[in-house]
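Novice: Start from the sequences and build out the full structure, keeping to the hints where you can.
First residue of the sequence shown? That's 392 in the numbering used here, and the numbers climb one at a time after it.
Treat each hint with caution, since some may be false.
Unchecked claim - Here are the simulated DSS-like cross-link-like pairs (lysine-lysine), alpha carbons at most 25 Å apart as the crow flies:
| id | residue 1 | residue 2 |
| --- | --- | --- |
| 1 | Lys594 | Lys631 |
| 2 | Lys596 | Lys698 |
| 3 | Lys689 | Lys701 |
| 4 | Lys596 | Lys545 |
| 5 | Lys433 | Lys631 |
| 6 | Lys689 | Lys497 |
| 7 | Lys683 | Lys545 |
| 8 | Lys655 | Lys689 |
| 9 | Lys701 | Lys497 |
| 10 | Lys698 | Lys683 |
| 11 | Lys683 | Lys437 |
| 12 | Lys405 | Lys433 |
| 13 | Lys631 | Lys405 |
| 14 | Lys683 | Lys497 |
| 15 | Lys683 | Lys661 |
| 16 | Lys596 | Lys497 |
| 17 | Lys545 | Lys594 |
| 18 | Lys631 | Lys497 |
| 19 | Lys594 | Lys661 |
| 20 | Lys655 | Lys596 |
| 21 | Lys631 | Lys437 |
Said to hold, decoys possible - Across the chosen pairs, the derived CB separations fall in these ranges:
| id | residue 1 | residue 2 | range |
| --- | --- | --- | --- |
| 22 | Gly705 | Ala542 | 34 to 40 Å |
| 23 | Gly449 | Gly676 | 35 to 41 Å |
| 24 | Arg476 | Thr505 | 29 to 35 Å |
Derived from the structure by calculation, the hints contain no laboratory data. A virtual CB, placed ideally from N, CA and C, is assigned to each residue, including glycine.
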Amino acid sequence: MLAAPGIASAAAEKTLRIGTITPGSHFWTQTMDRVGASMAEKSGGKFDTQVFPSGQLGNEATMIQQLQSGGLDMGFLTVAEFSNRLDDMAALFTPYLVQNVSQASKLLTGPTATGMLEQYSTLGMKGLGFGLGGMRHLISREPGLSSADLAGRKYRITPFAPLRDFYELMDVAPTPVPLPGLFDALANGQVDGADIDLELAWKLKLYDQAPNLTITSQMMFPVVAVVSGRYWAALSDDEKQMLSQSVSEQIDWLFAQYVEFEPKWLNDLKGTGINVVDAEPGFFGDTISEWKSIWEPKAPSIAALQKEAKMLAG
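Specialist: This is the structure:
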């Protein structure tokens, strides 16, 4: 458990407990630490924020249950986990919706995504904002020139329906492996590759076991700040505004980190001497159109997001 830095909590009147699956060094956890510091400052020390990183309160499914029951005040959780409960969240994983993290940050704070936050009320939560965890790429033990080369391979993915469908359409076996075990899973051949972002490819040293990196940027990987409906209802209007503003400001900080560090991580990975190749959407063949035929009927926000993203791309 990490207490947010800043104003001393001796005179705190309210506690804000936040859960996340990422370790303390991860940008997502740092964002929540900064929310806590912001709340302490804006409230004159009336809020004492406690951040529980690394899944200390359980996995994301468990934390969602805690949010619904009021046992947890706030979570900064993957949209992937919520897409198992809200089909329309799959729209945010539409292949090639955006080209980079800069476009992703604008789309995730745009009118369509902001409107999608209202859907969290059906789960007994208040959605405050979407953040980002970078673009997705492919890292593998053996090279692959197209999706046809991936057929029959086992790839580590985050287990949620939109991503499972994407890989199964390529005849790839989606294989869930906890991130701490991914390095060993690549080393012993449990998996042949992974759907991954540059941050984790670098920080987990996956290049030591998977020396082939295909820069595809096929999907963004969003995160969402949600507050328990019970906790939200107990806040005053001023406190609601304070929390909403703090989250918005610190998510902007989070976006800025990924815009700055994604190029650095890519240069670092290239510096290891591994095989790094760029791939266009054609790499995936018919997979993208087949994915859309499955998910466009289930996720109606896809059309609006695509229209908005097209305008952002200019």
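Novice: State for each hint whether it applies.
Specialist: Status of each hint after checking the structure:
Between Lys594 and Lys631, the direct Cα distance comes to roughly 36 Å. Violation of the 25 Å bound is thereby established for this hinted pair. Our distance criterion of 25 Å between C-alpha atoms is broken by Lys596 and Lys698, whose separation comes to about 37 Å. Restraint check for Lys689 and Lys701: the C-alpha separation of about 21 Å stays at or below 25 Å, so the hint holds. Taking the CA atoms of Lys596 and Lys545, the gap is about 19 Å. The hint holds against a cut of 25 Å.
Taking the CA atoms of Lys433 and Lys631, the gap is near 12 Å; set against the 25 Å cutoff, the hint holds. With a CA separation close to 24 Å, the supplied pair Lys689 and Lys497 stays within the 25 Å bound. Among the hinted pairs, Lys683 with Lys545 is consistent with the structure: their alpha-carbon atoms are about 23 Å apart, no more than 25 Å. For the suggested pair Lys655 and Lys689, the alpha carbons sit about 37 Å apart, so the restraint of at most 25 Å is broken.
Among the hinted pairs, Lys701 with Lys497 is consistent with the structure: their alpha-carbon atoms are about 12 Å apart, no more than 25 Å. For the hint linking Lys698 to Lys683, the alpha-carbon distance of about 15 Å falls within 25 Å, and the restraint holds. Between Lys683 and Lys437 the CA atoms are separated by roughly 48 Å; this puts the pair beyond 25 Å, and the hint is violated. Simply put, Lys405 and Lys433 have alpha-carbon atoms about 13 Å apart, close enough for the 25 Å limit, and the pair holds.
Proposed proximity of Lys631 and Lys405 is supported: the alpha carbons are some 13 Å apart, at most 25 Å. For the given pair, Lys683 sits about 22 Å from Lys497 by alpha-carbon distance, which is consistent with the 25 Å threshold. Between Lys683 and Lys661 the CA atoms are separated by roughly 33 Å; this puts the pair beyond 25 Å, and the hint is violated. Distance restraint check for Lys596 and Lys497: the Cα-Cα separation of roughly 30 Å exceeds the 25 Å cut-off, and the hinted pair is therefore not satisfied.
Between Lys545 and Lys594 the alpha-carbon distance is near 22 Å, which keeps this suggested pair within the 25 Å criterion. For a cut-off of 25 Å, the pair hint linking Lys631 to Lys497 stands: about 24 Å separates their Cα positions. This hinted pair checks out: Lys594 and Lys661 have alpha carbons roughly 14 Å apart, not beyond 25 Å. Of the supplied pair hints, the one linking Lys655 and Lys596 holds, its CA atoms being roughly 15 Å apart against a limit of 25 Å.
As the CA atoms of Lys631 and Lys437 are separated by approximately 14 Å, the hinted pair is consistent with the 25 Å bound. A C-beta distance of roughly 36 Å is found between Gly705 and Ala542, which places it inside the suggested range of 34 to 40 Å. Between Gly449 and Gly676 the C-beta distance comes to about 39 Å, which sits within the given range of 35 to 41 Å. Checking the proposed 29 to 35 Å range against Arg476 and Thr505 shows it is violated: the Cβ atoms sit about 20 Å from each other.
In the structure shown, a violation is registered for the earlier hints numbered 1, 2, 8, 11, 15, 16 and 24, in ascending order.
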